[in-house]
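Chemist: So the chains spell out like this:
Protein chains: 2
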Amino acid sequence: MVNEKEAAGGLEWRIKVADGSSKTLTPEAGVGSRVLQGLKGLIVGLVMKLWKFLKKSWDLGHKDPRKVIHCFKVGAALTVVSLFYYMKPLYDGVGGNAMWAVMTVVVVFENSVGSTLYKCLNRVFGTFLAGFLAIGVHWIAIQSGEKLGPFIVGFSVFVLASAATFSRFIPSIKARFDYGAMIFILTFSLVSVSGYRVDKLFDMAHQRLSTIIIGTCLCILVSMLIYPIWAGQELYTIITRNMDKLANSLDGCVAEYFNSSGGSTDSNKESNKDSLGYKCVLSSKASEESMANFARWEPAHGRFNFGHPWKQYLKIGASLRSCAYCIEALNGCINSENQAPEYLKKRISNISLKVGSNSSSVVKELANVVKTMKKSSNIDFLVGEMNSAVQEFRNHLKSLPTLFIPQSLHEADQNPENKNTEPTSTGVEAVPLMDIVPLVTLASLLTEIASRIEGVVDAVEELADLAKFKPMPDDKTEANQPTNKVVPDQHKEDETMKTLQRV
Amino acid sequence: MVNEKEAAGGLEWRIKVADGSSKTLTPEAGVGSRVLQGLKGLIVGLVMKLWKFLKKSWDLGHKDPRKVIHCFKVGAALTVVSLFYYMKPLYDGVGGNAMWAVMTVVVVFENSVGSTLYKCLNRVFGTFLAGFLAIGVHWIAIQSGEKLGPFIVGFSVFVLASAATFSRFIPSIKARFDYGAMIFILTFSLVSVSGYRVDKLFDMAHQRLSTIIIGTCLCILVSMLIYPIWAGQELYTIITRNMDKLANSLDGCVAEYFNSSGGSTDSNKESNKDSLGYKCVLSSKASEESMANFARWEPAHGRFNFGHPWKQYLKIGASLRSCAYCIEALNGCINSENQAPEYLKKRISNISLKVGSNSSSVVKELANVVKTMKKSSNIDFLVGEMNSAVQEFRNHLKSLPTLFIPQSLHEADQNPENKNTEPTSTGVEAVPLMDIVPLVTLASLLTEIASRIEGVVDAVEELADLAKFKPMPDDKTEANQPTNKVVPDQHKEDETMKTLQRV
Numbered sequence: 001m002v003n004e005k006e007a008a009g010g011l012e013w014r015i016k017v018a019d020g021s022s023k024t025l026t027p028e029a030g031v032g033s034r035v036l037q038g039l040k041g042l043i044v045g046l047v048m049k050l051w052k053f054l055k056k057s058w059d060l061g062h063k064d065p066r067k068v069i070h071c072f073k074v075g076a077a078l079t080v081v082s083l084f085y086y087m088k089p090l091y092d093g094v095g096g097n098a099m100w101a102v103m104t105v106v107v108v109f110e111n112s113v114g115s116t117l118y119k120c121l122n123r124v125f126g127t128f129l130a131g132f133l134a135i136g137v138h139w140i141a142i143q144s145g146e147k148l149g150p151f152i153v154g155f156s157v158f159v160l161a162s163a164a165t166f167s168r169f170i171p172s173i174k175a176r177f178d179y180g181a182m183i184f185i186l187t188f189s190l191v192s193v194s195g196y197r198v199d200k201l202f203d204m205a206h207q208r209l210s211t212i213i214i215g216t217c218l219c220i221l222v223s224m225l226i227y228p229i230w231a232g233q234e235l236y237t238i239i240t241r242n243m244d245k246l247a248n249s250l251d252g253c254v255a256e257y258f259n260s261s262g263g264s265t266d267s268n269k270e271s272n273k274d275s276l277g278y279k280c281v282l283s284s285k286a287s288e289e290s291m292a293n294f295a296r297w298e299p300a301h302g303r304f305n306f307g308h309p310w311k312q313y314l315k316i317g318a319s320l321r322s323c324a325y326c327i328e329a330l331n332g333c334i335n336s337e338n339q340a341p342e343y344l345k346k347r348i349s350n351i352s353l354k355v356g357s358n359s360s361s362v363v364k365e366l367a368n369v370v371k372t373m374k375k376s377s378n379i380d381f382l383v384g385e386m387n388s389a390v391q392e393f394r395n396h397l398k399s400l401p402t403l404f405i406p407q408s409l410h411e412a413d414q415n416p417e418n419k420n421t422e423p424t425s426t427g428v429e430a431v432p433l434m435d436i437v438p439l440v441t442l443a444s445l446l447t448e449i450a451s452r453i454e455g456v457v458d459a460v461e462e463l464a465d466l467a468k469f470k471p472m473p474d475d476k477t478e479a480n481q482p483t484n485k486v487v488p489d490q491h492k493e494d495e496t497m498k499t500l501q502r503v
Numbered sequence: 001m002v003n004e005k006e007a008a009g010g011l012e013w014r015i016k017v018a019d020g021s022s023k024t025l026t027p028e029a030g031v032g033s034r035v036l037q038g039l040k041g042l043i044v045g046l047v048m049k050l051w052k053f054l055k056k057s058w059d060l061g062h063k064d065p066r067k068v069i070h071c072f073k074v075g076a077a078l079t080v081v082s083l084f085y086y087m088k089p090l091y092d093g094v095g096g097n098a099m100w101a102v103m104t105v106v107v108v109f110e111n112s113v114g115s116t117l118y119k120c121l122n123r124v125f126g127t128f129l130a131g132f133l134a135i136g137v138h139w140i141a142i143q144s145g146e147k148l149g150p151f152i153v154g155f156s157v158f159v160l161a162s163a164a165t166f167s168r169f170i171p172s173i174k175a176r177f178d179y180g181a182m183i184f185i186l187t188f189s190l191v192s193v194s195g196y197r198v199d200k201l202f203d204m205a206h207q208r209l210s211t212i213i214i215g216t217c218l219c220i221l222v223s224m225l226i227y228p229i230w231a232g233q234e235l236y237t238i239i240t241r242n243m244d245k246l247a248n249s250l251d252g253c254v255a256e257y258f259n260s261s262g263g264s265t266d267s268n269k270e271s272n273k274d275s276l277g278y279k280c281v282l283s284s285k286a287s288e289e290s291m292a293n294f295a296r297w298e299p300a301h302g303r304f305n306f307g308h309p310w311k312q313y314l315k316i317g318a319s320l321r322s323c324a325y326c327i328e329a330l331n332g333c334i335n336s337e338n339q340a341p342e343y344l345k346k347r348i349s350n351i352s353l354k355v356g357s358n359s360s361s362v363v364k365e366l367a368n369v370v371k372t373m374k375k376s377s378n379i380d381f382l383v384g385e386m387n388s389a390v391q392e393f394r395n396h397l398k399s400l401p402t403l404f405i406p407q408s409l410h411e412a413d414q415n416p417e418n419k420n421t422e423p424t425s426t427g428v429e430a431v432p433l434m435d436i437v438p439l440v441t442l443a444s445l446l447t448e449i450a451s452r453i454e455g456v457v458d459a460v461e462e463l464a465d466l467a468k469f470k471p472m473p474d475d476k477t478e479a480n481q482p483t484n485k486v487v488p489d490q491h492k493e494d495e496t497m498k499t500l501q502r503v
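Chains as they are written, first to last, in UniProt numbering: chain G, 1 to 503; chain L, 1 to 503.
Just chain G, same shape as in the assembly:
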């Protein structure tokens, strides 16, 4: 490891020089040695910076080796396409246009199969369409004579480039054909102003198109055959990971609130990390959307068919985010300075933990449904459990007012800060409303979270219908809920009725 002190020393020396100060720490040293020392400091500083950068890069690659593999894939594809220059027959075949194959590989090769396919197809069709149109315009320009021709070409470039640029602003086109529109403009302007004769143009168009097709095929093959990264799989992983994180956060938040006084530091840290997992959910919208856009270009892979309802994952993501907003608010409210006294917290800790764990087990079950791609017959039971826990929490709160005795206005005015009222020995307690504010807020937000989780349930069930998930085998169902002997359908109806009665 490089000595950090030395680097700091070098920096200090340079600052002194910049200040124009004549004092030095080592007056006996000559100018030469000082310059040498300064240079040394500078180099050491640079090496330090480089070292840090390399270390960060190494960590990045170590954390996600697929990124490193992707880099090697790009390198390999480029090296292969470069061979065109060295193999005489191939080079002659495409008439020196091999450059376009190299260029295609560089700009088209993306991280995921979906984005590579999106760019490849857009490039091929954009080039084809624009080339076709441009040859037409070129032919008209030539027929119109030498004077009018350039104006026709110029005008058509202006109009089509403007129109294609505008189309890139339209959301539905931007999502699918953004790159194609750019390639369209590029090819159209290149071909229409190239000034070649039409017969030579056909030759050129043929060569250009064939080199582009060679490049795209190579990209598609390499990205699909060597350690493929599927955008659909990525989206699926993000969603299931977010579900797990949300469930852990919910558990963690509630547990942290009620265990804040006890517990070792290590386990606290661990639970703190867990309970902040929802923050990932808050900020994953952009990546979810781009993955869903790319996923629809992908062929069947793994457990996903072509035409898998990827858009539904976005709905699930949105419903997860709406839960995460509430967890964020919950986290803020229960960490505020206004805390409920311990004895009151203890009184509702069991039921709060039950609501929290029931809610999170619904989310975990949903994550399981998506992970196994099998409909769960358990989910209605769990939703019912969650709703009954919420209802129980409410009933518990309803019984709390009996704890209050009227505080006279006089007393309240005189002791507004009298928060630490302890339970008296008479069994009747005076609890200021302020003390139960955090608990009531917790209850309210947990209720809201539970109702939003039902939104997630709906979204996942819609996905299960759209993607035709099969029901989970019965033996697993029974293993999960050994006491529940009701037939799933009847059970579902039963639970729905219960839920309806409760709401």
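I should point out that these hints are in silico values taken from the structure, not numbers from a laboratory.
Each hint should be verified, as a subset may be incorrect.
Only pairs whose alpha carbons sit at most 27 Å apart, straight line, appear in this in silico BS3-like list of lysine-lysine [claimed, not checked]:
| hint | chain 1 | residue 1 | chain 2 | residue 2 |
| --- | --- | --- | --- | --- |
| 1 | G | K55 | L | K174 |
| 2 | G | K174 | L | K174 |
| 3 | G | K63 | G | K49 |
| 4 | L | K470 | L | K311 |
| 5 | L | K315 | L | K285 |
| 6 | G | K52 | L | K311 |
Now the in silico label distances, taken between C-beta atoms and shown as ranges [as the list claims (entries may be wrong)]:
| hint | chain 1 | residue 1 | chain 2 | residue 2 | range |
| --- | --- | --- | --- | --- | --- |
| 7 | G | I226 | L | G302 | 29 to 37 Å |
| 8 | G | N305 | L | S287 | 43 to 51 Å |
| 9 | L | V159 | G | R66 | 16 to 24 Å |
This structure is a prediction, so every number in the text was calculated from the model and none was measured.
Backbone N, C-alpha and C fix where the C-beta goes; we use that ideal spot for every residue, glycine too.
Position chain L relative to chain G; hints supplied.
Modeler: For chain L alone, coordinates are given in the frame of chain G:
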């Protein structure tokens, strides 16, 4: 307008054909007329679709005319660069490489000045660096002889392409040099495998670089001189707009809750639209980040210097979002089915509205600070007001427990749904805790929002320091708070003390 019925009729007919059904609505019509009708329906359907698409595009352009202007700018830049092909001396000057100027314009011209500059500079420096390196490698390959040469070139392409691709994953490089890294790979592979002699390479490199510089200069000039769209200005607009929306949402949410029974439908709709403005704040992270990335490439423009602290706007954006999360939770909680009775709502409506309006006026004042780019001496006063309103709200809640009389457990069990308890004539009221749950939640969330608004205040004050905002002229301050005779600084100290005492 095209007749919609006709289109539907055509569709119906086609469905019938697809079903293989022999029944028709018009049995007297022959096969020919049916085919004709079908074709008519098909065409009308297509025209309808096209019409809808065009109408949507027109609306898009009408809503943001700058997009249309951008399209014309791209068209104009491309037409100008195409002239190179028609002007003999210019064309000869760049030796047929004019293609690269066209290509540069197409791929480099972006919507905002910042993104255009980012791509231009990345393109120029990426090309320059890669060309330089590639010529070096090429020279070494030639020196190594015909057998070893291709291996050296292939190996260097593989290594450098892999390394450059990997660098695109490193966040700090991705934010600034993503495009440059791609251009580096492109140029390096094109030059190093091109198979030219080194002296010809220098010629080519010179031409390539000059055409690229011509293209980039044209892009920069057009994007900066004709109706420029500055990324910095956009970011600034997003942030101030989000502040206004957040303030309006806060006002709207609280007002809507307390006015839900009265008011005309029109004003309700209006306030509903206002109160949902915070949803924009929730989803603006991605656009804020990309704007901030581009803004740092921009020169001084309007009221912004080069090196304006754009990153601070991201911090303000993040703090606004953290408020928006709470408003989202608030919106969910107060719209839930569990509602407080009207007479209780009335009792806290004044103070809640006060907290809401005081909080929103802090946000509005902050928006004003950012809009006018002048420090406000009013802000500390407003924050003080907000905190005192929050404290008043708490005191108000503290006085509420005196409203309760103990409910016997028996009674509570028998009438769990007895929510509509009216105030009795004796002056002592029985209010179940469940009835005040929404009010307590409102109080809690408003308190949390107020404390998060202080985070926004900190972020804006940091911006004011970093960007060296000047203090607002005194006359304006006095006009805003005519009753406040305290000197701003003393006043500030005073408020800080008050705040400290309260917290």
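Chemist: Do the Cβ positions of N305(G) and S287(L) conform to the proposed distance bound of 43 to 51 Å?
Modeler: violated (34 Å)
Chemist: For the pair supplied as a hint, K63(G) and K49(G), is the alpha-carbon distance within the 27 Å limit?
Modeler: holds (21 Å)
Chemist: Taken at face value, is the distance from the CA of K311(L) to the CA of K470(L) at most 27 Å?
Modeler: holds (20 Å)
Chemist: Between the alpha carbons of K52(G) and K311(L), is the straight-line distance 27 Å or under?
Modeler: Between K52(G) and K311(L) the Cα gap is close to 23 Å, so the pair holds against 27 Å.
Chemist: Assuming the hint says 16 to 24 Å, is it satisfied by the Cβ distance from V159(L) to R66(G) or not?
Modeler: holds (19 Å)
Chemist: Return holds or violated for the Cβ distance of I226(G) and G302(L) against the range 29 to 37 Å.
Modeler: Violated: the Cβ-Cβ distance is about 50 Å, outside 29 to 37 Å.
Chemist: Within a Cα-Cα threshold of 27 Å, do K315(L) and K285(L) meet the stated pairing?
Modeler: Holds: K315(L) and K285(L) sit about 11 Å apart, inside 27 Å.
Chemist: Has the given pair, K55(G) with K174(L), been kept, meaning a C-alpha gap of at most 27 Å?
Modeler: holds (17 Å)
Chemist: Check the hint pairing K174(G) with K174(L) against an upper bound of 27 Å on the C-alpha distance.
Modeler: Holds, at roughly 22 Å.
Of the hints listed earlier, those the structure fails to meet are numbers 7, 8, in rising order.
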